[in-house]
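Enquirer: So the protein lines, in turn, are chains A and B. Read in order, the letters of the first sequence correspond to residues 5 to 146 in our numbering. Read in order, the letters of the second sequence correspond to residues 5 to 146 in our numbering.
Hint data in this document are derived by calculation from the structure and do not stem from the laboratory. Wrong hints could be hidden among the right ones.
One copy or two, it doesn't matter: identical chains are merged, so the pair holds either way.
To be verified - Subject to a maximum C-alpha distance of 27 Å in a straight line, what follows is the list of computed DSSO-like cross-link-like pairs (lysine-lysine):
1. LYS98 with LYS69
2. LYS26 with LYS101
3. LYS72 with LYS101
4. LYS72 with LYS32
5. LYS32 with LYS69
Bear in mind the structure is a predicted one, so any value in this text is a computation, not a measurement.
Protein chains: 2
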Amino acid sequence: MRVDHIAIAVNSAEDALENYKKLLNVDKIEIEEVPNEMVKVVMINLQDTRIELLEPTSENSPISKFLKDRGEGIHHIAITADEIETDVNHALDKGIKFLGGLRTGSYGRKITFIHPKSLNGVLVELCQAPPQDDGQTLENKI
Amino acid sequence: MRVDHIAIAVNSAEDALENYKKLLNVDKIEIEEVPNEMVKVVMINLQDTRIELLEPTSENSPISKFLKDRGEGIHHIAITADEIETDVNHALDKGIKFLGGLRTGSYGRKITFIHPKSLNGVLVELCQAPPQDDGQTLENKI
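Bound conformation, chain A alone (with noise of 0.2 Å):
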């Protein structure tokens, strides 16, 4: 297992990058709009892992949300399942609540979401690992 990503709720990814660039070595970068999760994302790719600056484009988003409850600051963590079908029933036996079921996540990857309670206080989605994987993110091998 290995962290995919570092989401972070900003009120404005582009503002955001700025910050970010002042310190980190960034060779590259996405920048998409997500209408379904009603967020921007700006995409920061590190060696091996990436961070995603997330913000609202709805008040009805839960990055809204957030940002109201608790101004900016990490959201959740992402971290791959080699299986996650049976990584997830494993979970479910142990006792850890998830948010809603599997469903199909950026890049055609099955995602779901664990409960803060069940970790800590630590939002933590959990993605199927790409095929193969080596260490890259999915996005480097395309």
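Following the hints, position chain B against chain A.
Expert: Chain B in isolation, oriented as in the chain A frame:
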């Protein structure tokens, strides 16, 4: 640059470990007390990074204050720098605010922290990359 670890403030590191073991395929765990920092640390080694569970061992620990103010959750993320002095100077020139200067952290590595105001609410630790960083954590090599 890569993510060295994700640190999570918890009330009990051992109880939290039991929770994380329900989800994670954990190969290697290390437990240590760090009296200087007034914390007990459980380190969960994943494929390419670590999750650090931080339990305060004193009321005066900054982790105690964090738990009191915000409850359990992600406390900081640590990012490696290949040449930490260069990267710190570069970031200072760009207006990034640091919390104290460079000091020696665990495993004798130089570290410093960046003010969350500079990085959209995220507390970031910058730490010197192990020599000849090949994607393994330092302790995997020892």
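Enquirer: So, for every hint listed, does it hold in this structure?
Expert: To see whether the hints hold, each was checked on the structure:
1. With identical chains, the CA atoms of LYS98 and LYS69 are never at most 27 Å apart, being 30 Å at best within one copy and 31 Å at best between copies.
2. Taking CA atoms no more than 27 Å apart as the test, LYS26 paired with LYS101 passes between copies only; the shortest distance there is 11 Å, against 38 Å inside one copy.
3. Taking the closest pair of Cα atoms, LYS72 and LYS101 come within 27 Å of each other both inside a single copy (25 Å) and across two copies (25 Å).
4. Neither within a single protomer nor between protomers do LYS72 and LYS32 lie at most 27 Å apart by alpha-carbon distance, with minima of 30 Å and 38 Å respectively.
5. Taking identical chains as interchangeable, the C-alpha atoms of LYS32 and LYS69 are never at most 27 Å apart, the minima being 29 Å within one chain and 37 Å between chains.
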